[in-house]
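**Q** Okay, here's what each chain looks like letter by letter:
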Amino acid sequence: MMKTKQVSMKTSVLGCLLVACALATSGCGSLLAESASAGAGIASGALANAVTDNAGVATGIGIGVQAAVRSGVQYYQRKVHGEAQAQIARIAGPLQVGQVRPWKTSLSLPLESEEAGRVVVSRVISTGELDCKEIVVSVEQSGPGALPASEFYVASICRNGNRWAWAQAEPATERWGALQ
Amino acid sequence: MSCRRLEAAARMGAALGCAVLLSACSSVAGITGAAAGIASGSASASPAVGVAVGIGVQAGIDASIKFVLRRWSQQEQARIADLVGGMAVGQRGPWEIRHAVPYGDGQGEVQVVRAFATPLAECKEAVFSVEDAASRAAGAAPPRFVTTVCRGDQGWKWAAAEPAVARWGALQ
Chain V
1 MMKTKQVSMK TSVLGCLLVA CALATSGCGS LLAESASAGA GIASGALANA
51 VTDNAGVATG IGIGVQAAVR SGVQYYQRKV HGEAQAQIAR IAGPLQVGQV
101 RPWKTSLSLP LESEEAGRVV VSRVISTGEL DCKEIVVSVE QSGPGALPAS
151 EFYVASICRN GNRWAWAQAE PATERWGALQ
Chain R
181 MSCRRLEAAA RMGAALGCAV LLSACSSVAG ITGAAAGIAS GSASASPAVG
231 VAVGIGVQAG IDASIKFVLR RWSQQEQARI ADLVGGMAVG QRGPWEIRHA
281 VPYGDGQGEV QVVRAFATPL AECKEAVFSV EDAASRAAGA APPRFVTTVC
331 RGDQGWKWAA AEPAVARWGA LQ
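Residue numbers (my numbering), protein chains in the order written: chain V, 1 to 180; chain R, 181 to 352.
If you're looking for bench data, these hints aren't it; they were derived computationally from the structure. One or more hints might be untrue.
Restraint ranges, calculated between C-beta atoms of paired labels, are given here [claimed, not checked]:
id, chain 1, residue 1, chain 2, residue 2, range
1, R, W348, V, G64, 41 to 49 Å
2, V, R90, R, P299, 39 to 47 Å
3, R, Q291, V, P148, 31 to 39 Å
4, R, A280, V, L109, 16 to 24 Å
5, V, T127, R, R294, 30 to 38 Å
6, V, P148, R, Y283, 17 to 25 Å
7, R, Q291, V, R90, 42 to 50 Å
8, V, R90, R, V269, 44 to 52 Å
9, V, G60, R, G266, 49 to 57 Å
10, R, A280, V, P102, 26 to 34 Å
Please read these numbers as outputs of a predicted model, since none were measured by experiment. Note that CB positions come from ideal geometry on N, CA and C, so glycine has one too.
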């Protein structure tokens, strides 16, 4: 009985990992977080049931692991997204107003599609110690294929010492709503 | 016996789900998941099955609700971007979005404050207000927000980029 449980749990963990990998390569961020955390929660709930007969404890372990995995996935998603932002900011930083340069992201983990496009500085927001610029970024390629139509985004970048960084502040919390 | 308990738990879950849907859409998933967990736990007598079903249902509903709400936000952004695209700097007009389901509807005013052209795209900056019940009841002015829209191959679109990851914090 115990052995069957362990085998079925191993299968479910393997299944979860496969689903997580498939989702990661397709670049589907929110689904990845949901599925990975749900899968881990289910697997650990099953494991907890193998060692305890207490439903409350099993549920607690399942939900605890689910929460930990979700925040872990989101941490790595933010990490690779931060890399992409830093790469665009580094290219856009030294440009003059109206100057266009191509950009391409190269990510350390395949949690998002690698993208490419062009960037132009549209305005100098401030100079001197607070050195900031407004940029227009086009995304023309996502993953292996070119996008059917280019998409444009406007962001701000600021210079911190020698390094240009993405400086767009978060949306007002009233406007965040369903985006989380 | 267990069938009757299952039915009662499911009914309780449905009622709770409906009540919460009206107040705060995004928390439905947890409650529905919990109800599904209770229902399947009492049906199968195995706590692990209850946990698994509960968590699975919660994740499924979480993803679907987020998908729908994000789609509504996108429709609101598309409406505002479209209006801004057709307006000149200084021009002001009303905006309104009505969804098929009467939830998440919005309205207010929008004014174009700046237009700028770059070698990549033509863009406009706009200030828009969102009428809400709270400020209307208090007799205060509705909250105002600033955004940017750009013209691409498929018309004017919302172009405000995502926040810097360092400012992401607890927002997601």
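**Q** Are the hints correct? Go through all of them and say.
**A** Status of each hint after checking the structure:
A C-beta distance of roughly 23 Å is found between W348/R and G64/V, which places it outside the suggested range of 41 to 49 Å. Between R90/V and P299/R the C-beta distance comes to about 20 Å, which lies outside the given range of 39 to 47 Å. Q291/R and P148/V have their C-beta atoms about 32 Å apart, which keeps the hinted 31 to 39 Å range intact. Distance hint check: the CB atoms of A280/R and L109/V are about 39 Å apart, inconsistent with the given range 16 to 24 Å.
At roughly 19 Å, the beta-carbon separation of T127/V and R294/R lies outside the given 30 to 38 Å, and the hint is violated. Range check, P148/V to Y283/R: Cβ separation about 32 Å, and the 17 to 25 Å hint is violated. For the hinted restraint 42 to 50 Å between Q291/R and R90/V, the CB-CB distance of approximately 35 Å leaves it violated. Remark: the range hint 44 to 52 Å for R90/V to V269/R is contradicted by a beta-carbon distance near 33 Å.
Checking the proposed 49 to 57 Å range against G60/V and G266/R shows it holds: the Cβ atoms sit about 55 Å from each other. Against the hinted window of 26 to 34 Å, the Cβ-Cβ separation of A280/R and P102/V comes to about 41 Å, which falls outside the hint.
Checked against the numbered hints listed earlier, the structure breaks hints 1, 2, 4, 5, 6, 7, 8, 10; every other hint is satisfied.
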